[in-house]
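Undergrad: Next come the chains, spelled out residue by residue.
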Amino acid sequence: MTQPSQTEQKNRTYFYLAAGVVVLLSLFPLLSPAPYFLSMLYMVFLYVVLAESWNIIGGFTGYLSFGHVAFFGLGAYTTAFLMNKLALSPVATILSSIPGGLVAASVALVIGYPCLRLRGPYFAVVTMCFAFVVHMVVQNIDLFGGVEGLWLAAMQKPIHVIRAIFYELMLTLMILVILFVRWMEGSKLGKGLITIREDEEVAQTLGIHTPRVKILAFVLSAFFPGVAGGLHAYYLTYISPENVFDVMVSILIVLMTLFGGGGSWLGALIGAVSLSLVNEFLTTFVGAEIARIIYGMLFIVVIIFMPNGIMEFFRRRRRDRLAAGEGSEP
Amino acid sequence: MMLRGEKITKRFGGLVAVSRLDFEIREGEVFGLIGPNGSGKTTLFNVISGLYKPEEGTLLFRGKRIEGRKPYEVSKMGIGRTFQIVKPLLNMTVLENIAIGALYGREGVRDMASALKKSEEILYFTGLEKRKDVLAENLRLADRKRLEIARALATRPEILLLDEVFAGLNEAEIDEAIRLVKGIQQNYGTTLFIIEHVLKAIMKTCGRAMVIHFGEKIAEGTPEEVTQNPVVIEAYLGNAPGI
Numbered sequence: 001m002t003q004p005s006q007t008e009q010k011n012r013t014y015f016y017l018a019a020g021v022v023v024l025l026s027l028f029p030l031l032s033p034a035p036y037f038l039s040m041l042y043m044v045f046l047y048v049v050l051a052e053s054w055n056i057i058g059g060f061t062g063y064l065s066f067g068h069v070a071f072f073g074l075g076a077y078t079t080a081f082l083m084n085k086l087a088l089s090p091v092a093t094i095l096s097s098i099p100g101g102l103v104a105a106s107v108a109l110v111i112g113y114p115c116l117r118l119r120g121p122y123f124a125v126v127t128m129c130f131a132f133v134v135h136m137v138v139q140n141i142d143l144f145g146g147v148e149g150l151w152l153a154a155m156q157k158p159i160h161v162i163r164a165i166f167y168e169l170m171l172t173l174m175i176l177v178i179l180f181v182r183w184m185e186g187s188k189l190g191k192g193l194i195t196i197r198e199d200e201e202v203a204q205t206l207g208i209h210t211p212r213v214k215i216l217a218f219v220l221s222a223f224f225p226g227v228a229g230g231l232h233a234y235y236l237t238y239i240s241p242e243n244v245f246d247v248m249v250s251i252l253i254v255l256m257t258l259f260g261g262g263g264s265w266l267g268a269l270i271g272a273v274s275l276s277l278v279n280e281f282l283t284t285f286v287g288a289e290i291a292r293i294i295y296g297m298l299f300i301v302v303i304i305f306m307p308n309g310i311m312e313f314f315r316r317r318r319r320d321r322l323a324a325g326e327g328s329e330p
Numbered sequence: 001m002m003l004r005g006e007k008i009t010k011r012f013g014g015l016v017a018v019s020r021l022d023f024e025i026r027e028g029e030v031f032g033l034i035g036p037n038g039s040g041k042t043t044l045f046n047v048i049s050g051l052y053k054p055e056e057g058t059l060l061f062r063g064k065r066i067e068g069r070k071p072y073e074v075s076k077m078g079i080g081r082t083f084q085i086v087k088p089l090l091n092m093t094v095l096e097n098i099a100i101g102a103l104y105g106r107e108g109v110r111d112m113a114s115a116l117k118k119s120e121e122i123l124y125f126t127g128l129e130k131r132k133d134v135l136a137e138n139l140r141l142a143d144r145k146r147l148e149i150a151r152a153l154a155t156r157p158e159i160l161l162l163d164e165v166f167a168g169l170n171e172a173e174i175d176e177a178i179r180l181v182k183g184i185q186q187n188y189g190t191t192l193f194i195i196e197h198v199l200k201a202i203m204k205t206c207g208r209a210m211v212i213h214f215g216e217k218i219a220e221g222t223p224e225e226v227t228q229n230p231v232v233i234e235a236y237l238g239n240a241p242g243i
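Which chain is which? The protein sequence lines are A and B, in order.
FYI, this note's numbering numbers position 199 of the first sequence as 199, with every residue one higher than the one before it.
FYI, this note's numbering numbers position 126 of the second sequence as 126, with every residue one higher than the one before it.
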């Protein structure tokens with residue numbers, strides 16, 4: 001009888017812990033830290049948003065999209081374009097990143113239909129090509145500034161204020177995405193997606209309308225990167241095809257999610273935070289070349305010893321320990 | 001009439017896997033499907049459950065045409081199935097596996113909590129209650145077969161297609177499985193369509209059976225009748241004059 005109340009208590013502890021971390025993070029800019037730290041954490045938040053979003057299609061559904069940067073870039077361009085054309089006030093930034101998400105989601109709806117019929121490596125390749133195509137198209141449209149990209153009006157505020165504003169905005173977006181994915185994990189949709197990942201044929205014979213839920217997952221996983229791209233465009237104040245359609249970002253968010261453990265909100269969070277911090281520290285303190293080597297080796301170790309990601313590794317160990325404990329007790 | 005097939009034909013390139021097959025399954029009965037390996041039994045199940053589209057023929061489920069419909073539509077209408085090569089959702093627990101059927105099946109529910117609740121009863125019915133929280137990947141074959149049945153039952157089918165649920169089991173396990181299959185019919189009133197090689201299981205469970213060979217029907221009747229039919233014996237053992 002004590003078992004449920006114990007887990008309840010544990011959950012409450014976790015909740016307070018998480019809430020505490022969130023409060024501390026949101027108050028951090030008040031300590032007026034160096035802008036470097038704010039932008040570093042901003043980048044961590046951004047990667048968490050991207051990894052959690054990718055998690056919806058890649059981690060839950062098992063459809064490894066290698067073109068997710070396209071949605072991020074589309075969001076960035078949509079926002080930049082709207083802001084330049086409509087000369088929006090800085091306050092409207094937050095709102096103008098939402099159309100970025102909507103454009104990304106609509107594009108996902110259109111390309112998702114044919115792409116999601118493909119499985120395994122074919123889906124990975126076709127999404128990667130899709131990202132290249134979007135990159136090329138944007139690069140060749142003069143309206144979007146071609147190769148040179150677009151400039152956005154910068155906020156007329158001191159640098160640390162600007163950094164703090166974007167820090168808080170990205171933090172908010174990150175929390176929303178994490179809460180969404182966390183909800184999804186226990187929802188009917190999430191369970192359906194995991195069933196598809198495990199076995200799509202079984203999923204269908206159990207009554208899961210696979211084309212519909214897959215497309216829904218794909219659209220959701222494109223929406224948040226679109227919004228993040230919109231914020232990021234304004235943060236950078238200058239975007240070009242080179243920096244918002246960087247294929248490395250696509251690959252990095254796949255690695256982060258799988259590193260932490262796909263199909264769970266905590267896995268993607270752990271993966272994105274740990275890898276972006278490790279990368280940042282290594283690059284700053286050890287040097288970019290050696291950082292890449294250590295980074296690569298870290299991956300190899302994790303893939304060999306924890307093929308299902310860090311989260312699943314510890315979850316299984318705990319389960320095994322619990323099972324062993326149950327066995328020894330009368 | 002629960003399920004009726006008329007002149008069902010399924011080809012793979014030049015190979016005719018199922019050829020102009022007619023059959024009828026009545027409400028509430030246990031109908032057996034027998035035939036040597038490669039005779040088209042599983043292909044027929046795949047056609048019924050919507051994984052394959054037949055080239056010719058019509059399939060009527062309670063008078064509605066279902067040939068060529070998608071598996072999730074067929075499942076929602078009330079046709080459940082198990083797979084010969086069991087396909088548990090390996091990274092989920094036994095109870096979660098069953099709950100997916102309850103969540104999305106014919107009487108689908110809105111959230112996982114009520115799906116889990118609905119699954120408890122099936123868990124007990126199939127005798128898996130002790131394995132409830134075990135990951136499906138850690139189950140032995142006999143339990144995997146039970147889970148396959150449990151998950152399909154959770155979709156609340158009106159007719160359940162069982163594909164060789166007795167294969168690979170030992171004598172004691174076969175007896176248990178026979179009890180389980182009989183129980184499905186009694187408890188849930190589910191109509192059963194069973195592919196089986198284990199003759200004992202066919203004899204003890206089926207009211208009627210049909211035999212197919214190279215995709216064509218060669219016999220139909222009670223289990224006793226079809227197993228004593230010379231054409232059937234020839235199909236299984238080859239042409240042996242003197243027998």
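Treat the hints as calculated values from the structure; they're not laboratory data.
One or more hints might be untrue.
Quick list of the computed label-pair ranges, beta carbon to beta carbon [said to hold, decoys possible]: (1) K117(B) with R321(A): 24 to 34 Å; (2) S114(B) with M136(A): 46 to 56 Å; (3) R212(A) with M1(B): 24 to 34 Å.
C-beta atoms are modelled at their ideal positions from N, C-alpha and C, and glycine is treated no differently.
Undergrad: Now tell me, hint by hint, if it's right for this structure.
TA: The hints, checked one at a time:
no. : hint                             : result
1   : K117(B) with R321(A): 24 to 34 Å : 28 Å, holds
2   : S114(B) with M136(A): 46 to 56 Å : 49 Å, holds
3   : R212(A) with M1(B): 24 to 34 Å   : 31 Å, holds
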